[in-house]
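Note that the protein sequences, when read in sequence, are chains A and B. Taking the working numbering, the leading residue of the first sequence gets 1, the next gets one more, and so forth. Taking the working numbering, the leading residue of the second sequence gets 113, the next gets one more, and so forth.
No wet-lab data here; the hints were simulated from the structure. Only true hints are included.
Okay, derived cross-link-like pairs now, EDC-like style, lysine to aspartate or glutamate, Cα gap no bigger than 20 Å in a straight line: (1) B:Lys-121 with A:Glu-39; (2) A:Lys-68 with A:Glu-56; (3) A:Lys-37 with A:Glu-5; (4) B:Lys-169 with A:Asp-27; (5) A:Lys-37 with B:Asp-113; (6) A:Lys-37 with A:Asp-59; (7) A:Lys-42 with B:Asp-113; (8) B:Lys-169 with A:Glu-2.
What follows is a set of in silico ranges between Cβ atoms, one per label pair, in the way DEER data are often shown: (9) B:Lys-121 with A:Pro-82: 25 to 33 Å; (10) A:Gly-16 with B:Glu-174: 46 to 54 Å; (11) A:Asn-3 with B:Val-225: 30 to 38 Å; (12) B:Ser-191 with A:Asp-27: 30 to 38 Å; (13) B:Gly-140 with A:Lys-111: 39 to 47 Å; (14) A:Gln-14 with B:Leu-195: 39 to 47 Å.
All residues carry an ideal CB built from backbone N, CA and C; glycine is no exception.
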Amino acid sequence: GENVEQHPSTLSVQEGDSAVIKCTYSDSASNYFPWYKQELGKRPQLIIDIRSNVGEKKDQRIAVTLNKTAKHFSLHITETQPEDSAVYFCAASINQGGKLIFGQGTELSVKP
Amino acid sequence: DSGVTQTPKHLITATGQRVTLRCSPRSGDLSVYWYQQSLDQGLQFLIQYYNGEERAKGNILERFSAQQFPDLHSELNLSSLELGDSALYFCASSPTTGWEGYTFGSGTRLTVV
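Bound-form chain A, shown alone (with noise of 0.2 Å):
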């Protein structure tokens, strides 16, 4: 069925420093994979999205690549700050105005 890994679940990562998280899709149907950043007791919030027809998409500090071949999907977040800690989750979904599948989730800790 429909899944999604992602990893890794935790990453403490200093200030400045870059962080890569990295999600598998099992359904290779999937053609949009956003990403959501959550903080502590609050809701998810969209931060970047890709759909499968673009390899790569950046907006300031976060990217996002995506390789359909091998079903995989990373953000990358680089010059870390304190805010952007944090949990993010990958998702993946097979058409448009359908079902989000998410991952597990990755904790960032970003050290002063």
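Fit chain B to the given chain A structure using the hints.
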């Protein structure tokens, strides 16, 4: 404010009871999704409604049910509650066209005692 409204924010109830969680989607969004987030767990998809009709179903227990009304608000009904049902329940909505991600509500924190 995300535009997705969930009520109540907190709910404490006893085992065996029944509760109803409510969600109003963003203006213009026809799809509503319900997710469960248990402690230290990810977001588990429960069910999706589109313009009043069930569109997709996930790992939703038989004790749980949902519906979407003509005004597009949705309700998630949880019955015969167990301690393990304690979780954050999120509602999200999405537009009918365009590749935008979900917008989540602030969630309802359910505690079963």
